[in-house]
Amino acid sequence: MNIVVCLKQTFDTEAKIVIDGSGNIDSTGVDQIINPYDEFAIEEALQLKEKFGGEVTVVSMGPEKAEAAIRTALAMGCDKGVLITDPGLENPDEWVTAEVLSKAIAQIPYDIILVGRIAVDFGASQVGVRLADLLDIPSVSSILKLEIDGDKATVTREIDGGTELIELSLPAVLTAQKGLNTPRYPSMMGIMKAKKKEVKVLNLADLGLNASDLQPKMTVQKFSLPTPRTAGKKIEGEPAEVAAELAKLLREEAKVI
Amino acid sequence: MNFELNEDHIMMRKMVRDFAEEEVAAGSAERDEKEEFPLDLWNKCAELGLAGITFPEEYGGVGADYLSYAITIEELSRVDASLGVIISAHSSLCANPIYMFGTEEQKQKYLVPLATGEKMGAFGLTEPMAGSDASGTRTTAVRDGDEFVINGTKIFITNGYYADTYVITAQMDKSKGNRGITAFIVEKGTPGFSFGKKEKKMGIRSSATYELVFENCRIPAENMLGEEGRGFKVAMQTLDYGRIGIASQALGIAQGAYEEAMKYAKERVQFGKTLAEMDVIQFKLADMATQIEAARLLVYQACHYATHKKPVSKYAAMAKVFASETANAVATQAVQILGGYGYTREYPVERMMRDAKITEIYEGTSEIQRIVIAANILREQ
Chain C
1 MNIVVCLKQT FDTEAKIVID GSGNIDSTGV DQIINPYDEF AIEEALQLKE KFGGEVTVVS
61 MGPEKAEAAI RTALAMGCDK GVLITDPGLE NPDEWVTAEV LSKAIAQIPY DIILVGRIAV
121 DFGASQVGVR LADLLDIPSV SSILKLEIDG DKATVTREID GGTELIELSL PAVLTAQKGL
181 NTPRYPSMMG IMKAKKKEVK VLNLADLGLN ASDLQPKMTV QKFSLPTPRT AGKKIEGEPA
241 EVAAELAKLL REEAKVI
Chain D
1001 MNFELNEDHI MMRKMVRDFA EEEVAAGSAE RDEKEEFPLD LWNKCAELGL AGITFPEEYG
1061 GVGADYLSYA ITIEELSRVD ASLGVIISAH SSLCANPIYM FGTEEQKQKY LVPLATGEKM
1121 GAFGLTEPMA GSDASGTRTT AVRDGDEFVI NGTKIFITNG YYADTYVITA QMDKSKGNRG
1181 ITAFIVEKGT PGFSFGKKEK KMGIRSSATY ELVFENCRIP AENMLGEEGR GFKVAMQTLD
1241 YGRIGIASQA LGIAQGAYEE AMKYAKERVQ FGKTLAEMDV IQFKLADMAT QIEAARLLVY
1301 QACHYATHKK PVSKYAAMAK VFASETANAV ATQAVQILGG YGYTREYPVE RMMRDAKITE
1361 IYEGTSEIQR IVIAANILRE Q
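Each protein sequence line maps, in turn, to chains C and D. Going by the working numbering, 146 is the number at position 146 of the first sequence; the sequence numbering is gapless. Whatever position you read off the second sequence (first residue = 1), add 1000 for the working numbering.
Just chain C, same shape as in the assembly (with noise of 0.2 Å):
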């Protein structure tokens, strides 16, 4: 089995966001890890491969940093890796993400595309889907189980209030959600196999495609961080007074009684 996971470098969720003088989000000193939600994608794939047989081929776009994140999936086991960078791909919206991977993935023989949900930086949930519609292929998102039997594939998936069982036909494009599997720790010795282990790293031209024609149909206007949360504030006096006081308070500044 042949398969293919889509992964993004990103923030380490406890990095502390800030927004430089220009108005973008400053990168500086700040750990870049995978995608949990793609975390969840890998694992799957190292599972399918496990009972399977086969390759994993992890495929990035981003910077050329983003190639330690490749590395990260290799060390877990994944075969192979591929990166796109380009200067041309500063800020893509997630439609031009979209036409490269897809670009990129139809070199690459698969029966079956992971990708996470969500990326927890922009969270727009795009991608997967944008890139099933471009290869052609169903999709189901925020899968929590998946099952195989030849070429066809049967996956629940959450629903608002409950789930749903889906029947579909392989190769498809499937969005892993937390609780589709635990990701495993890379291993010692797949960190040192990681560095044997092959990143083609492309550019636009490689794939038979130029900046000019990719320019994002959305551009982001502005960040802007959450107000910070004000001081508290501290009642002091006789019980009954601090009762009162609070009450009125809560009625009247915090609106919530």
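No wet-lab data here; the hints were simulated from the structure. A portion of the hints provided could be inaccurate.
To be verified - Below, a list of computed lysine-lysine pairs in the BS3-like style, where the Cα atoms sit at most 27 Å apart:
id, chain 1, residue 1, chain 2, residue 2
1, C, 193, D, 1309
2, D, 1044, D, 1188
3, C, 178, D, 1044
4, C, 193, D, 1188
With chain C fixed as given, assemble chain D onto it according to the hints.
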């Protein structure tokens, strides 16, 4: 010279840290309280390849360098110093002497399962009359045909009872002092080999520390490790490398205590401001961070010499004495910053301060480290 970790080491640190935080940290306090040996965590460490980091792949190891090993022990010890020493004693004190001095047969039979983590290892050198002074070794080995007969008692043995494979030293000719000592490999379950009392310790309480008792214990002659009469050399060289593990453990304790103190200082408000806003606490944190960085550089330097098979004795002793004294100083200050809370078991710094002390004692006390350093520098001049 490059002071930044490479991509592999960054990945290893992240992997071990994730594992330590997600699987190890939550149970540290309870295992300490109950003196519970973490067999399940040992098995998980083995699966991740942490039992044989520095040994070549052909012997079941990972084939990584000493820096990978130091990073691993540091990250484990940052949340649980007991697990740190379990891995360190296994790798440095049992698997490593077999790797350095073993015959090809011994390596195939004993090193391979140790390096894969299928078996656990321990090292028996210390005796009631032989602590810092190995020449006091009273355990004897007598040749009898194609066997050796071992008699005597070893004390304070880390991983005792739980380990499968033991590297021990015994006296074969008392008149020769240290030159009469020989090293042997003994398997758990050998008739005549049993375990005495389990020590009740101040710190690293979830690691097991046992007496080993040998009563007419017969082992095959081929289990002699290294040459006859060279057991002292085997032990000393083993400890040279072992000290890198203990220095890393100490570094991890210091780092863990420092992070706890930093977190608390940023949250705790007294006199209308956080502790972290007060000069007196800032100066403490600055000193802690500086000591830790200095210790880390000494540990990494010792790793460099160990990986490149250059003389490591002086650098390992310097790293060990400095890192262990740093662990004690930093953990003590961390308790001080947390004040009354720091003295309770509600917060991990109390455990860290107890765990830190042993790093100044085992695998050569701080006094012995200074003797080793002095002997090296006097010889160099």
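Taking the hints in turn, this is what the structure says about them:
{"no.": "1", "hint": "C:193 to D:1309", "in the structure": "23 Å, holds"}
{"no.": "2", "hint": "D:1044 to D:1188", "in the structure": "22 Å, holds"}
{"no.": "3", "hint": "C:178 to D:1044", "in the structure": "23 Å, holds"}
{"no.": "4", "hint": "C:193 to D:1188", "in the structure": "34 Å, violated"}
Violated hint: 4 only; the structure is consistent with all others.
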